[in-house]
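Protein chains: 2
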Amino acid sequence: MNTNKTAVIALGGNAISPKGELDTIANQFRNTRKSCVAIMNFIKQGYHLAITHGNGPQVGNALLRVEMASDKAPRLPLGICDADTEGGMGYMIEQSLQNSLIQAQMDRDVVTIITQIIVDADDPSIQHPSKYIGGWYTKDEIARLAKKFGWQIKEIPGKGWRRVVPSPFPRKIINRKAIKHLVDLGIIVIAAGGGGIPVYIMENGLYEGFDAVIDKDLASSVLARDIGAQEFFILTDVDQIAINFGKANQEFIDTIRLDDLKALLGEGHFPAGSMGPKIQAAINFIENGGKTVIITSLETAQESLESGKYTRITP
Amino acid sequence: MNTNKTAVIALGGNAISPKGELDTIANQFRNTRKSCVAIMNFIKQGYHLAITHGNGPQVGNALLRVEMASDKAPRLPLGICDADTEGGMGYMIEQSLQNSLIQAQMDRDVVTIITQIIVDADDPSIQHPSKYIGGWYTKDEIARLAKKFGWQIKEIPGKGWRRVVPSPFPRKIINRKAIKHLVDLGIIVIAAGGGGIPVYIMENGLYEGFDAVIDKDLASSVLARDIGAQEFFILTDVDQIAINFGKANQEFIDTIRLDDLKALLGEGHFPAGSMGPKIQAAINFIENGGKTVIITSLETAQESLESGKYTRITP
Chain A
3 MNTNKTAVIA LGGNAISPKG ELDTIANQFR NTRKSCVAIM NFIKQGYHLA
53 ITHGNGPQVG NALLRVEMAS DKAPRLPLGI CDADTEGGMG YMIEQSLQNS
103 LIQAQMDRDV VTIITQIIVD ADDPSIQHPS KYIGGWYTKD EIARLAKKFG
153 WQIKEIPGKG WRRVVPSPFP RKIINRKAIK HLVDLGIIVI AAGGGGIPVY
203 IMENGLYEGF DAVIDKDLAS SVLARDIGAQ EFFILTDVDQ IAINFGKANQ
253 EFIDTIRLDD LKALLGEGHF PAGSMGPKIQ AAINFIENGG KTVIITSLET
303 AQESLESGKY TRITP
Chain B
3 MNTNKTAVIA LGGNAISPKG ELDTIANQFR NTRKSCVAIM NFIKQGYHLA
53 ITHGNGPQVG NALLRVEMAS DKAPRLPLGI CDADTEGGMG YMIEQSLQNS
103 LIQAQMDRDV VTIITQIIVD ADDPSIQHPS KYIGGWYTKD EIARLAKKFG
153 WQIKEIPGKG WRRVVPSPFP RKIINRKAIK HLVDLGIIVI AAGGGGIPVY
203 IMENGLYEGF DAVIDKDLAS SVLARDIGAQ EFFILTDVDQ IAINFGKANQ
253 EFIDTIRLDD LKALLGEGHF PAGSMGPKIQ AAINFIENGG KTVIITSLET
303 AQESLESGKY TRITP
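So the sequences go chain by chain: A and B. Residue numbers for the first sequence follow my numbering, so the first one is 3 and each next one is one higher. Residue numbers for the second sequence follow my numbering, so the first one is 3 and each next one is one higher.
Hints are computed from structural coordinates only; laboratory data are not their basis. These numbers were taken from a predicted model, which means no experiment stands behind them. Treat the hints with care, as some may be off.
[Claimed, not checked] The calculated label-pair distances, taken between Cβ atoms and stated as ranges, are:
hint	chain 1	residue 1	chain 2	residue 2	range
1	A	P126	B	P79	37 to 43 Å
2	A	I104	B	P317	33 to 39 Å
3	B	T26	A	W138	24 to 30 Å
4	B	I158	A	K150	53 to 59 Å
5	A	A274	B	Q105	38 to 44 Å
6	A	S72	B	P317	46 to 52 Å
7	A	I155	B	T26	19 to 25 Å
Ideal placement from N, C-alpha and C gives every residue a C-beta, glycine not left out.
All chains, full assembly: derive it from the sequences and hints.
Below is the structure:
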């Protein structure tokens with residue numbers, strides 16, 4: 003079956019760097035190869051695909067390296083670190099998927115596109131940075147680093163201190179035309195890694211990067227809209243979403259219409275620190291003309307493709 | 003004039019990181035913006051373009067950061083560092099060029115493609131690594147690091163010790179199809195940064211990366227061939243090449259035919275450590291059907307485009 007439907011697949015952090023596992027490159031490659039099993043199901047069904055991924059642990063490590071070598075090697079701003087991880091992680095996912103395709107004797111190209119995303123110069127998060135990034139520090143340690151590198155910092159009470167950066171809302175993929183061309187040709191494109199590189203438009207009309215991080219799922223929904231995808235798959239570490247999560251009256255959500263999901267979001271079922279951005283990303287995609295959003299796990303993605311099971315959001 | 007000729011432009015190290023200048027990101031961006039002036043001349047003449055660049059200082063710094071943080075952050079192999087610099091430097095060149103286009107009120111897209119390049123699994127350089135990479139060390143320092151990281155090392159007599167890696171010959175761009183599609187559409191593609199990511203094919207048919215570095219100009223000539231470019235511009239730090247370089251009987255080379263250039267290479271006029279790989283890259287491109295190779299500087303590129311002056315190699 004070759005439907006030639008176009009989909010964006012957003013890989014969760016666990017697809018490459020599961021929590022509690024040492025983040026070595028060997029482990030990352032092994033996890034990525036496993037995740038390719040799920041992606042191959044989409045390819046075998048004839049989907050045209052763009053694939054996005056997180057970069058939390060990787061950009062944290064990149065920043066740590068910059069920090070530890072800062073007296074010997076140039077300091078890299080966060081935007082360059084984001085671009086770096088788009089390159090390195092893109093290469094890893096790309097090569098793993100190419101090898102899966104070779105093993106399946108399928109002839110499909112895979113490429114990685116460094117992705118800049120426009121945000122508003124006056125996004126409210128710029129004045130109120132609250133996205134944690136990088137490692138954990140004591141108050142004294144972080145005070146020294148904040149002074150040296152110009153960080154904004156925040157205490158997580160009882161746990162320690164971390165750097166915070168703005169997390170602006172993504173408006174438009176700068177590289178959308180090239181990504182859409184390639185996806186339409188059937189080339190699998192890895193894009194918007196780590197939420198892409200945030201860029202704003204200065205008063206003189208030129209692009210400028212700055213130290214910020216875009217939520218990966220929100221970036222993916224903008225990508226899905228900008229390349230005209232019909233379907234958007236958010237592959238995370240739960241099989242489906244739930245209301246009253248973790249409580250006695252927890253209820254899993256199967257198929258749900260946009261308006262009903264918006265009502266549940268309004269009732270506070272999806273906290274900003276966990277499922278909230280995924281739900282918001284799903285809503286944005288459907289409101290911008292998308293047909294279906296699936297939220298499920300890597301392991302259940304194939305079953306969801308075949309049976310329509312697990313969380314499916316429709317207009 | 004819209005000729006729609008396709009060209010590959012290989013930017014020399016001085017386009018981004020001139021020798022003797024602190025390699026900060028601010029300096030790199032400033033130099034890159036200056037280099038875009040030369041690239042804009044090609045765009046205004048209607049060229050379809052792929053742009054390549056070196057990554058010597060950047061990958062050296064990336065390796066230094068990995069080394070200094072190696073007890074706290076995962077060690078990145080050289081292939082990942084190459085991919086990282088393709089991302090970070092690609093972003094920098096891409097955004098600088100996008101801003102030049104905005105200022106010129108020209109509507110052309112620019113994208114960066116992470117580029118893997120196939121090399122032979124039995125390339126002779128793998129047994130005899132000789133490409134210097136990263137910093138300089140004393141004998142004691144490097145002995146400790148070589149043991150810790152498994153480096154091969156080499157003394158530069160009277161100067162110190164450095165790590166060496168293989169520099170295999172590039173055979174084919176894995177991502178050639180996507181790059182060619184985009185270039186043919188008029189999208190400007192930044193590719194094969196730092197010579198690309200070297201990959202060999204294992205006995206089981208799968209791709210595998212390894213610690214090596216491909217010469218940037220040789221990689222660029224393979225890219226130029228693989229995307230069907232007619233012209234290949236090597237922009238370096240001299241206005242044209244010369245025989246008897248630096249001697250009393252030095253003679254600049256203007257237009258030269260392939261056979262004559264091969265004869266001069268055979269006579270030893272172009273040492274392996276300096277102009278040799280550029281000359282070899284030029285020869286390879288013309289022998290594979292390329293029409294013209296220009297070797298000149300960023301500053302003289304426009305004059306060369308208009309007048310045909312400086313070194314021009316033809317079949």
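Going through the hints against the structure:
1. A:P126 - B:P79: 37 to 43 Å: Given about 41 Å between the Cβ atoms, the range holds.
2. A:I104 - B:P317: 33 to 39 Å: The hint (33 to 39 Å, Cβ to Cβ) holds, given that I104 (chain A) and P317 (chain B) are roughly 36 Å apart.
3. B:T26 - A:W138: 24 to 30 Å: About 28 Å separates the Cβ atoms of T26 (chain B) and W138 (chain A), which means 24 to 30 Å holds.
4. B:I158 - A:K150: 53 to 59 Å: Violated, at about 35 Å.
5. A:A274 - B:Q105: 38 to 44 Å: For A274 (chain A) and Q105 (chain B) the Cβ distance comes to about 39 Å; the hint holds.
6. A:S72 - B:P317: 46 to 52 Å: 51 Å, holds
7. A:I155 - B:T26: 19 to 25 Å: Given range 19 to 25 Å: holds, Cβ gap about 24 Å.
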